[in-house]
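The listed protein sequences derive, respectively, from chains B and W.
Take the first sequence: its position 348, counting from 1, is numbered 347 in the numbering used here, and each next residue is one higher.
Take the second sequence: its position 340, counting from 1, is numbered 339 in the numbering used here, and each next residue is one higher.
Hints were generated in silico from the structure; no laboratory data involved.
As the structure is a prediction and not an experimental result, all values here were calculated from the model.
Be aware that a few hints might be false.
The list makes no distinction among identical chains, and a pair is therefore deemed to hold if it is satisfied within one copy or across any two copies.
Stated by the list, open to error - Simulated pairs of lysine-lysine, BS3-like, Cα-Cα distance not exceeding 30 Å:
#, residue 1, residue 2
1, K492, K35
2, K184, K239
3, K22, K341
4, K341, K184
5, K492, K184
6, K35, K341
7, K484, K231
8, K35, K22
9, K239, K341
10, K231, K184
11, K492, K341
12, K22, K290
13, K290, K484
14, K35, K231
15, K239, K489
16, K489, K341
17, K35, K290
18, K489, K35
19, K489, K184
20, K341, K290
21, K484, K341
22, K489, K22
23, K231, K341
There are 2 protein chains.
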Amino acid sequence: MAPTDIEIAQAHTLRPIAEIGAKLGLGPDDLEPYGKYKAKIAPHVWERVRGAPDGHLILVTAITPTPAGEGKTTVTIGLGDALSQLGERTAICLREPSLGPVFGVKGGAAGGGYSQVVPMEDINLHFTGDFHAVSAAHNLLAAALDNHLHHGNALGIDPRAITWKRTVDMNDRALRQIVVGLGGKSGGVPREDGFLITPASEVMATLCLASDLEDLRERLGRIVVAYTTAGKPVRAADLKVHGAMAALLRDAVKPNLVQTLGGTPAFVHGGPFGNIAHGTNAIIATRLALKLADYVVTEAGFGADLGAEKFVNIVSRVAGFRPVVAVIVATVRALKLHGGKKLEELTQEDLPALARGIANLEKHIENVTRVYGLPAVVAINRFQSDTGAELDLLEGRVRNLGVPVAVVDVWARGGAGALNLARQVVALAQRVQSLPAGKAADPKGDGRKVRPPEGAAEGPGLEDAYPDGFPGGLRFTYELDEPIKAKIEKVAKQVYGAGSVAYSAQAERSIRRLERHELGNLPVCMAKTQYSLSDQPELLGRPEGFTLTVRDVVPSAGAGFVVAITGEILTMPGLPREPAAERIDIDRTGRITGLF
Amino acid sequence: MAPTDIEIAQAHTLRPIAEIGAKLGLGPDDLEPYGKYKAKIAPHVWERVRGAPDGHLILVTAITPTPAGEGKTTVTIGLGDALSQLGERTAICLREPSLGPVFGVKGGAAGGGYSQVVPMEDINLHFTGDFHAVSAAHNLLAAALDNHLHHGNALGIDPRAITWKRTVDMNDRALRQIVVGLGGKSGGVPREDGFLITPASEVMATLCLASDLEDLRERLGRIVVAYTTAGKPVRAADLKVHGAMAALLRDAVKPNLVQTLGGTPAFVHGGPFGNIAHGTNAIIATRLALKLADYVVTEAGFGADLGAEKFVNIVSRVAGFRPVVAVIVATVRALKLHGGKKLEELTQEDLPALARGIANLEKHIENVTRVYGLPAVVAINRFQSDTGAELDLLEGRVRNLGVPVAVVDVWARGGAGALNLARQVVALAQRVQSLPAGKAADPKGDGRKVRPPEGAAEGPGLEDAYPDGFPGGLRFTYELDEPIKAKIEKVAKQVYGAGSVAYSAQAERSIRRLERHELGNLPVCMAKTQYSLSDQPELLGRPEGFTLTVRDVVPSAGAGFVVAITGEILTMPGLPREPAAERIDIDRTGRITGLF
Numbered sequence: 000m001a002p003t004d005i006e007i008a009q010a011h012t013l014r015p016i017a018e019i020g021a022k023l024g025l026g027p028d029d030l031e032p033y034g035k036y037k038a039k040i041a042p043h044v045w046e047r048v049r050g051a052p053d054g055h056l057i058l059v060t061a062i063t064p065t066p067a068g069e070g071k072t073t074v075t076i077g078l079g080d081a082l083s084q085l086g087e088r089t090a091i092c093l094r095e096p097s098l099g100p101v102f103g104v105k106g107g108a109a110g111g112g113y114s115q116v117v118p119m120e121d122i123n124l125h126f127t128g129d130f131h132a133v134s135a136a137h138n139l140l141a142a143a144l145d146n147h148l149h150h151g152n153a154l155g156i157d158p159r160a161i162t163w164k165r166t167v168d169m170n171d172r173a174l175r176q177i178v179v180g181l182g183g184k185s186g187g188v189p190r191e192d193g194f195l196i197t198p199a200s201e202v203m204a205t206l207c208l209a210s211d212l213e214d215l216r217e218r219l220g221r222i223v224v225a226y227t228t229a230g231k232p233v234r235a236a237d238l239k240v241h242g243a244m245a246a247l248l249r250d251a252v253k254p255n256l257v258q259t260l261g262g263t264p265a266f267v268h269g270g271p272f273g274n275i276a277h278g279t280n281a282i283i284a285t286r287l288a289l290k291l292a293d294y295v296v297t298e299a300g301f302g303a304d305l306g307a308e309k310f311v312n313i314v315s316r317v318a319g320f321r322p323v324v325a326v327i328v329a330t331v332r333a334l335k336l337h338g339g340k341k342l343e344e345l346t347q348e349d350l351p352a353l354a355r356g357i358a359n360l361e362k363h364i365e366n367v368t369r370v371y372g373l374p375a376v377v378a379i380n381r382f383q384s385d386t387g388a389e390l391d392l393l394e395g396r397v398r399n400l401g402v403p404v405a406v407v408d409v410w411a412r413g414g415a416g417a418l419n420l421a422r423q424v425v426a427l428a429q430r431v432q433s434l435p436a437g438k439a440a441d442p443k444g445d446g447r448k449v450r451p452p453e454g455a456a457e458g459p460g461l462e463d464a465y466p467d468g469f470p471g472g473l474r475f476t477y478e479l480d481e482p483i484k485a486k487i488e489k490v491a492k493q494v495y496g497a498g499s500v501a502y503s504a505q506a507e508r509s510i511r512r513l514e515r516h517e518l519g520n521l522p523v524c525m526a527k528t529q530y531s532l533s534d535q536p537e538l539l540g541r542p543e544g545f546t547l548t549v550r551d552v553v554p555s556a557g558a559g560f561v562v563a564i565t566g567e568i569l570t571m572p573g574l575p576r577e578p579a580a581e582r583i584d585i586d587r588t589g590r591i592t593g594l595f
Numbered sequence: 000m001a002p003t004d005i006e007i008a009q010a011h012t013l014r015p016i017a018e019i020g021a022k023l024g025l026g027p028d029d030l031e032p033y034g035k036y037k038a039k040i041a042p043h044v045w046e047r048v049r050g051a052p053d054g055h056l057i058l059v060t061a062i063t064p065t066p067a068g069e070g071k072t073t074v075t076i077g078l079g080d081a082l083s084q085l086g087e088r089t090a091i092c093l094r095e096p097s098l099g100p101v102f103g104v105k106g107g108a109a110g111g112g113y114s115q116v117v118p119m120e121d122i123n124l125h126f127t128g129d130f131h132a133v134s135a136a137h138n139l140l141a142a143a144l145d146n147h148l149h150h151g152n153a154l155g156i157d158p159r160a161i162t163w164k165r166t167v168d169m170n171d172r173a174l175r176q177i178v179v180g181l182g183g184k185s186g187g188v189p190r191e192d193g194f195l196i197t198p199a200s201e202v203m204a205t206l207c208l209a210s211d212l213e214d215l216r217e218r219l220g221r222i223v224v225a226y227t228t229a230g231k232p233v234r235a236a237d238l239k240v241h242g243a244m245a246a247l248l249r250d251a252v253k254p255n256l257v258q259t260l261g262g263t264p265a266f267v268h269g270g271p272f273g274n275i276a277h278g279t280n281a282i283i284a285t286r287l288a289l290k291l292a293d294y295v296v297t298e299a300g301f302g303a304d305l306g307a308e309k310f311v312n313i314v315s316r317v318a319g320f321r322p323v324v325a326v327i328v329a330t331v332r333a334l335k336l337h338g339g340k341k342l343e344e345l346t347q348e349d350l351p352a353l354a355r356g357i358a359n360l361e362k363h364i365e366n367v368t369r370v371y372g373l374p375a376v377v378a379i380n381r382f383q384s385d386t387g388a389e390l391d392l393l394e395g396r397v398r399n400l401g402v403p404v405a406v407v408d409v410w411a412r413g414g415a416g417a418l419n420l421a422r423q424v425v426a427l428a429q430r431v432q433s434l435p436a437g438k439a440a441d442p443k444g445d446g447r448k449v450r451p452p453e454g455a456a457e458g459p460g461l462e463d464a465y466p467d468g469f470p471g472g473l474r475f476t477y478e479l480d481e482p483i484k485a486k487i488e489k490v491a492k493q494v495y496g497a498g499s500v501a502y503s504a505q506a507e508r509s510i511r512r513l514e515r516h517e518l519g520n521l522p523v524c525m526a527k528t529q530y531s532l533s534d535q536p537e538l539l540g541r542p543e544g545f546t547l548t549v550r551d552v553v554p555s556a557g558a559g560f561v562v563a564i565t566g567e568i569l570t571m572p573g574l575p576r577e578p579a580a581e582r583i584d585i586d587r588t589g590r591i592t593g594l595f
């Protein structure tokens, strides 16, 4: 029987975190250790390296996710290890897992097989406490808000217009909709409320988009928690707790360093949702990684329509990131599902279904290359049931588009299973670098990166890639000063393939209110199902011409975006009938079992 | 202006935690560092030292607390530093602070002035994540319970007989009484619920009473969360999540090591409430400290009627601890309050009020020496407003009882302000050791501790102490196999001075149910106001002959006791009109201000 993820991770001998830090030029004083294999990076490191040139940023994204699983995190880790094997100074940037899915269905979320970040038990459970710090800061604000109501409501908050919920890092459906403040006068003011899971907290999104502690404190102060009876936004700063919230996040704002099974340094830092938030790890971590490594591989949430779009229009805009290459992860299994095959029949070869499903991949390739302006390479994450004919069909179709493609086998082989992909990534990065100065070129122009990658000669020639024109570099889909509706429509039509956008009466009111309160100039964070390019989860493949319906638009003023909500977005998951928690256990020696 | 606690702490240069560990014979591999100044002790250390003889355990307790403040934690730390200055190998054991009071009224809870444990900001905020781990384990059990109801309630749980609430480490009165499970079928089963603050969680009490990880897992499984419609207890093990709860507590079970301003090693580990739980730090930490140090100074919650009683009858019983000396902390200010003086007039000299208030101290001395069987020394924690006549009166009255007494000035002078107290403690410990073999004598009989303490000759002669007979060593107030009511009545009459005990109808029913379900043989944890020896907070001084009313008796089967509830016990505090959170802030360098 194949070993499980946790068995593979536990059989591995980790290197002391100081050794991992040394690979990035970090000394012992640069690390704040959390046990022997985890560390936070001391804030003085940024002051030392901030003037250094940036390494190459590689964005890993995917086709529209399906229940079949795509393995995006696994590919991200495998690619990082492969780049390390090629001799490149590499760092990986990932999100931290939430406890909710760990105890729910999913099990762990730190890669899989021989492409994992370790120590996996720690990363999946508590890690360095960042999620708990976010929860505490979030709930302090909630307590201060209800306390303000209880002590006379001097700000004139409308108790029916409170938008700030509470949070817990747990799948707990019974907390989705609740009534608080019961039990008479001493119990506060009764009102409807609810809990979000911590990754859905705006504090998490804010942490991940802040550039430093000072910026974080300011952003936290801007969070809108309610409206007054006169309709004026009430912010965390009005409740005077943003300083204490920032104090609670003093350590959470420092990037966490761990290692992959291949010994590649990995920054695992922050974990915002990919729907109501932007779904990528903390900017502070990626920014630091770019100063310390020549290649930084990071992952965006869900498919390229969601995570990558937000990485372009929200994250890269605020952080000044310029990814040089995007890797689009696809699987034969998932594409067959997009082509109409049933979930339980995915192990059967089905070339017609695959051929139909490839339309989904094609749309994501178009988005990455033509809408976002980034050269793409497709990583086919191989599963045992894939047949040679299926792989040939898929590879051939991608190659016909002029897009480089590599089959990877990262679960079973780790970095060795992604060497071909890594060579293509390096070749594309080199080609980007050799372009005339522009957004995509080396922003420092110091030529530091121009050195032939080891083993590049063995890689596939990319001379014939992009025959219709090499992508010109990162392009925003909209400008910030456009009206909210214009921004939404550009994303909906250009990225999703929608024919039109409809707005509920509530959305119309909200948009007017946001623009009245000068919140109209923020980027739009689209909250849309991840299971379809449209807002209807059942529309697989490549739907076109549909109407995207916006139900509401709400501010995340601390994070610095407005959220356009389409469909039903669940911000507090439930546990399944037999939750993963029932099989998770620990023995007397402290060995944990049952994490996947 | 006198510097604040946080200013004093921040001006101090901390020693690396490895240096602090070395004072206890711990090497680098014995420590799991959390940053540079905090560490958890690796579990292998216990295996190495478990056969070593125990050091002397010194229990710090106090008079009945008042709003004037007694400074028990400060005296504990100052005494530890003084013992270190006398050349004794000393460790301190304290509870971890809860975030709730930090953001509420109290500010920090890591000592004060020049008697603090540091880094104080870390200890007050998140520390090593133990409280968050307890919260997560607690809430996992709550989520599993509601999930069980949602998926068909196979165990037949009576939704009206669910006793397991949720928890958050925040003062949040609006969560005291709530309704969960609203919003239709997808939101679970509607029912009344509420939140406790984390120190009130039974998981916290269980963690602090467990002897190791395996024992913890078993105890967690025994937690009673509800009753079936047939009245049968439903336990965490029935929901099959005790293993996952233990996995969440894998690191929380390891003792935390920090330092005092005087460089004394301090184990700050666990923080259960002192009313509905037992109110002392984790047994695992104290037990380890006793193996590593010659003197271990620990603190019990509230007055000697509560914390010390529970330390004797619950903690020492399960852990096998044998404290050799108890320090009773008293202040002139607080005793004047007990003597009828008003809070706002405490800075005025008032010998008659003080003389009356000393009755409170006398009762605590009697409890410690005659009921618990421990030699006591009274530490008068000096305040600036104390007059010489007041101090003389108080000292004289205590000396007349034959009880050693020392004036301490630990806030302003640190360990140097408690040298006299330390010398008396050492002298008493020596005298205990020279007693004929018995409970109080060196349990190993290896004479390891018999060595004259440095500077002992300078200390006051204790030849005339305890003229009516030296306390004979730790004595339990009741035996476990007595009926619940007999146990309650022994504590109420012997310790509190009650004339009788009354039981509500609910309490009568609960006691019958507990004894029916074989939960009658557990120790009784008294939940009583800390502000009076009686169950009526307004009865200061030394009330006698009152009737103690028991409202209910509930099981904490995981912790291993039943809780007898008297009066109104608040398990979720609220924030004041101007919470401390409003003045807590952080600057761009990460310096935190506004913690006390």
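Open item on the list: Hints numbered earlier in the text: which of these fail when held up against the supplied structure?
Closed with: 1, 3, 5, 6, 9, 13, 14, 15, 16, 18, 19, 20, 21, 22 and 23
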